[in-house]
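Engineer: What follows is the residue order along each chain.
There are 2 protein chains.
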Amino acid sequence: MSCQNAEQLARCLPAARRTRQRGAVLHVLVDCTEFVSAQQLHALITADGIAVGLTTVYRMLRELEVYDRVDVVRDEAGERLYRLRPFGGHRHYLVCRSCGRSRPVDAEVVEAWVDRVGETTGYAAVEHTVELTGICATCRPTS
Amino acid sequence: MSCQNAEQLARCLPAARRTRQRGAVLHVLVDCTEFVSAQQLHALITADGIAVGLTTVYRMLRELEVYDRVDVVRDEAGERLYRLRPFGGHRHYLVCRSCGRSRPVDAEVVEAWVDRVGETTGYAAVEHTVELTGICATCRPTS
DNA sequence: GTTGAAAATGAAAATCATTCTCTAATAGGG
DNA sequence: CCCTATTAGAGAATGATTTTCATTTTCAAC
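Taken in sequence, the protein lines are chains A and B.
Sequential numbering of the first sequence, starting at 1, is according to my numbering.
Sequential numbering of the second sequence, starting at 1001, is according to my numbering.
Take every hint as true, because none was put in to throw you off.
Across the chosen pairs, the derived CB separations fall in these ranges:
(1) B:Pro1014 <-> A:Val72: 30 to 40 Å
(2) B:Gly1023 <-> A:Arg85: 42 to 52 Å
(3) A:Thr120 <-> B:Cys1032: 17 to 27 Å
Residues of chain A clear of chain B, computed beta-carbon distances all greater than 12 Å:
(4) Glu7
(5) Gln8
(6) Pro14
(7) Arg20
(8) Thr33
(9) Glu34
(10) Val36
(11) Gln39
(12) Gln40
(13) Ala47
(14) Thr56
(15) Asp68
(16) Pro86
(17) His90
Just a sample of chain A residues kept apart from chain B, beta carbon distances all over 12 Å, derived:
(18) Asn5
(19) Arg11
(20) Cys12
(21) Leu13
(22) Ala16
(23) Arg17
(24) Arg22
(25) His27
(26) Cys32
(27) Thr46
(28) Ala51
(29) Arg59
(30) Tyr67
(31) Arg83
(32) Arg85
To be clear, the hints were calculated from the coordinates, so they are not data collected in a lab.
Keep in mind the model is a prediction, meaning the values are calculated, not measured.
Ideal Cβ positions, reconstructed from N, Cα and C, are used throughout, including at glycine.
When you get a sec, could you build the whole thing from the sequences and use the hints?
Structural biologist: Structure (structure tokens):
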């Protein structure tokens, strides 16, 4: 299944050649259920015994970003975290500040609000970034 | 008036001593109507003929951030931009990607949504970042 | 006015994610 | 198998932010 997804993904990108490295990045990324940084992803791939340069990982992630295949988030340090976009549209996530686990949240209200802001302010091409963090039930001290 | 604000601000911070540098940072910041980066702020202060170290500017901004006196935003490059928080609560802004000018937007809907997310997911201490960018009417090519 | 301890400053070095550069490797059509 | 455009990647560069630490400054007490 993850192979399948990786293949599908690869076909979405304009790359002219398929290489061991590109395959490895996609393959590992498909298996990530949580947001990962470029460095973490690189470490994961390396841990799989596949040698891939950091540069290549960054390149792939940027490419995936350009083609809207990943959601990108910034952690508190400003580091960028990536995660494959499950379906078509983009999602918003609620990330646990303690364990880092994330869950998608419904955001129609926000999307609608953003659209309305665009209309009422006269601003064009309004884009939005919405990031939510909290402490999940599991991480909460005592319940 | 800006003096007044600067003084008031200074009183909100826990600093034990008032120095020329701290005063200068606050004074210039009070006069900024738009978001500025630490570096820009430093340049502005320097342009005023007052010698202040970059370090001090960063320190002050971090302090203001800790005490919730500034709104912080990240530009496309990940650089942090600061702006004094006008009133009590925090605001959200719609920033023009072309000229950088920003305007506050009503965000009760988002605030309410965030609160609801916290309640329904069981996450505690939910915090949110909402950033909107667009192209303002003035910057739009031809109307 | 003088003093001294604590606070504040700032130049320079460190950090660190990300990007750039440029050469070597190689995929894949011919 | 060969050729060449594409891709890879090591290492240097970048640049915002933070840290370090020696020096300066504030300000309350004398």
